[in-house]
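Given the structure of chain A, go ahead and fit chain B onto it with the hints provided.
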Amino acid sequence: MRATFPHLLHLDIALGILYPTLGIEIVPPPPITQKTIEIGVKLAPQNACFPLKVTLGNFIEAIEKGADTIFMVGGVGPCRFGYYGQMQRLIIEDLGYKVRFVLLDHPRYGIRPFLDALRTMAGGRISLPRIIKAVRLSWGVLRFTEELEAQRRALRCQVENPQNLDQVIDQTLEALRSVASLEELEALKKRAAEEIASLPRNGRKDFLRVGIVGEVYIAQETRVNFNVERLLGDLGVYVHNSVSTVEYILHTLRPITRSKEKIEAWKLAKPYLKRFVGGEGIDSVGSAIRYAREGFDGVVHLYPFTCMPEIVAKGVLQAVSRDFDLPILHLAIDEHSGEAGLVTRVEAFVDVLERRRWERKRRLEHDGAFPWR
Amino acid sequence: MRVGIPRGLLFYRFFILWKTFLEELGVEVVASPPSNKAIIQHGLIYGVEEICFPVKVFLGHTYALLGKVDALFIPRIVSFHKREYNCPKILGLPDLVRNIFKVDNVIDDEVNMRDRGIRGWWEGFLQIGRRFTSNERKIAQALHKAEKAHQAYREKLREGYLPENLIDGRPPLSPREKKVVLLGHTYLLSDSYINMNIVRKIHDLGYSVITPDMVPETQTRKALQKLPKASFWTISNEIVGTAFTFLEEQDSKVRGFVHLVSFECGPDSLVGEVVERYIKRSNRSFPYLRLEIDEHTGEAGLVTRLEAFVDMMEWRNAHHAGYIPTSFAP
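Sequence order for the protein chains is A and B.
So in my numbering, the last one in the first sequence is 373, and the numbering has no gaps at all.
So in my numbering, the last one in the second sequence is 1330, and the numbering has no gaps at all.
Bound-form chain A, shown alone (with noise of 0.2 Å):
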């Protein structure tokens, strides 16, 4: 069995301690590149939404590097993520392509394919302590490459060079690839954090604070969404991501572990809108009204076109800005996206926060009333 799995940022990374360990052989897809979204966009539904395109151009090219197995999740909705699976396999089946595969559901919809597939995924008969030190080894480096992305985008505003800040963190994500124990990982995080701590910085500390929220996989695929988060940072600003994938398994399997954050947002979002709408729309409101809370200067919002969740987070979002004061700069990502226009919206965004700032400092009504008027 050679399986394959979809990108999500750095998943692949913790997926490649855990297979082995398992004793699946992997192939992980090659890196989202325009070929790959080529791929998905030409096999896909027209109108589906882009996460599906792209996870479909990651399967078909892990396909033609030998993968004879495609793991998968599955959901109960009313998001379209959770029929992803079904759709790819029709599609991949009507293509011709001989694979297996194993689609991870709830429960809900058969007791029996649920422990089939997490049989399969889990590699055969294997003995549970092993599986739960393989569980708690990626699920640490998971995390780990998290913070790492958490520390990119704080402090591209603030080193000297961003480029070293680059060159650290993409070394120690290469050097995670080959943990195999807890202790090696410790080890990791601390000669990181030195490494990154060492760094000359710049010494600004009135840079400007941006939050993003949005949908999983678009707001932190940064090969998909023209890394905005680099862009903004290159800007000179502090970037916050509410999106991770940590987070959402562990949203998952709500409600024990959810986080003390993500409680806090849901609460928030309550005045705004009343119940979950499906994927990440009431985080996004949540999340974008703890932003405001904590006083950052603005909120990007980025989704696939056509979202269903996220139209309506974008909807009462709108409610929010006009509430709290809050600049929103919304940006749809599908496969006719262009850069140019991407760079130039979240450019002149930037200069609409620097201007309020300055207005403000300059104790000028800030609520959109200039000094002419």
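Think of the hints as simulated: they come from the structure by calculation, not from any bench.
Note that this is a predicted model, so its numbers are computed, not measured.
Beta carbons are placed, not taken as given, at the ideal position from N, Cα and C, and that holds for glycine.
Be careful, since some hints might not be right.
Ranges between beta-carbon positions, derived for each pair [stated by the list, open to error]:
{"hint": "1", "chain 1": "A", "residue 1": "Gly23", "chain 2": "B", "residue 2": "Gln1225", "range": "30 to 38 Å"}
{"hint": "2", "chain 1": "A", "residue 1": "Pro30", "chain 2": "B", "residue 2": "Glu1159", "range": "53 to 61 Å"}
{"hint": "3", "chain 1": "A", "residue 1": "Leu182", "chain 2": "B", "residue 2": "Glu1295", "range": "50 to 58 Å"}
{"hint": "4", "chain 1": "A", "residue 1": "Met1", "chain 2": "B", "residue 2": "Ala1152", "range": "15 to 23 Å"}
{"hint": "5", "chain 1": "A", "residue 1": "Gly341", "chain 2": "B", "residue 2": "Leu1044", "range": "22 to 30 Å"}
{"hint": "6", "chain 1": "B", "residue 1": "Ala1308", "chain 2": "A", "residue 2": "Gly23", "range": "37 to 45 Å"}
{"hint": "7", "chain 1": "A", "residue 1": "Leu250", "chain 2": "B", "residue 2": "Lys1082", "range": "24 to 32 Å"}
{"hint": "8", "chain 1": "B", "residue 1": "Glu1307", "chain 2": "A", "residue 2": "Ile263", "range": "54 to 62 Å"}
{"hint": "9", "chain 1": "B", "residue 1": "Gln1250", "chain 2": "A", "residue 2": "Ile131", "range": "26 to 34 Å"}
Coverage of chain B stretches by chain A, computed from C-beta distances (three or more under 8 Å per stretch; other residues unrestricted) [what the hints assert, rightly or not]:
{"hint": "10", "stretch": "1024-1030"}
{"hint": "11", "stretch": "1076-1086"}
{"hint": "12", "stretch": "1089-1096"}
{"hint": "13", "stretch": "1231-1240"}
Chain B only, in chain A's frame:
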């Protein structure tokens, strides 16, 4: 008290139920007028740019009711089938309306049959009823009566009437021998302004339509079992089930499938593809036409495509070409 029901989305499915229920509780019910240009324009102005066309139409109808009623009736119908959902846009509809129009008097109680089945249904209507009366017995009686009216309405639909015949009293079209399965959400198929009178157009071309409402639910559910996992959207499941029913039946009167979808419709973008792929897989190759409509759709383009489609159906029938295997080149 006057309560306004916007004519959009689930209106065409539940209007009779809601109206009977509310009137039994002594509430005056006002429905917005049938769609017209001004209503659509207001919907386009107020709607989020990327939201699907039916929601924009719904917002237009809501706008038409603002100021004329004491409260808007937009219950949050999370689910009306066990283990299934409605589209997220329907789930968030009351919040969209509240935030876009800055109104508070929205009746937005949650009706959720997903986990608790019929209990969720009853509790939802109990909450709505409590806004008007404290007498639970009265609410139960009203709901009972409403459900009866609803069943009679659904029965009529199954006989071949369209919601516009029953709600607006338009005369029904005469049945034709040849039939086309017209798939799509009720809110598209029933609003003859936004679908540019497609039922009438197909009728004029010599075919009568079969909509998902005309197929009994037991039948669609049975046909759905062909899929390893049905989707989790009730209305989309009905669409797939209808398509599968006629794929299996091999009824010679049924000549083709027309799928009317709104651009941006999330569930239909996946489910439509499922239907298309299964039609291609079946041994009788039915002609299949997907028509996407939104606010920019021109009537001439729609007519041209329909006429071409009818020509194709006629040709296939005349040449006994219904069993040509279609190749699967992606």
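inquiry  = If you test the structure against every hint from before, which numbers come out violated?
reply    = Per hint list: 4, 6, 9, 10 violated.
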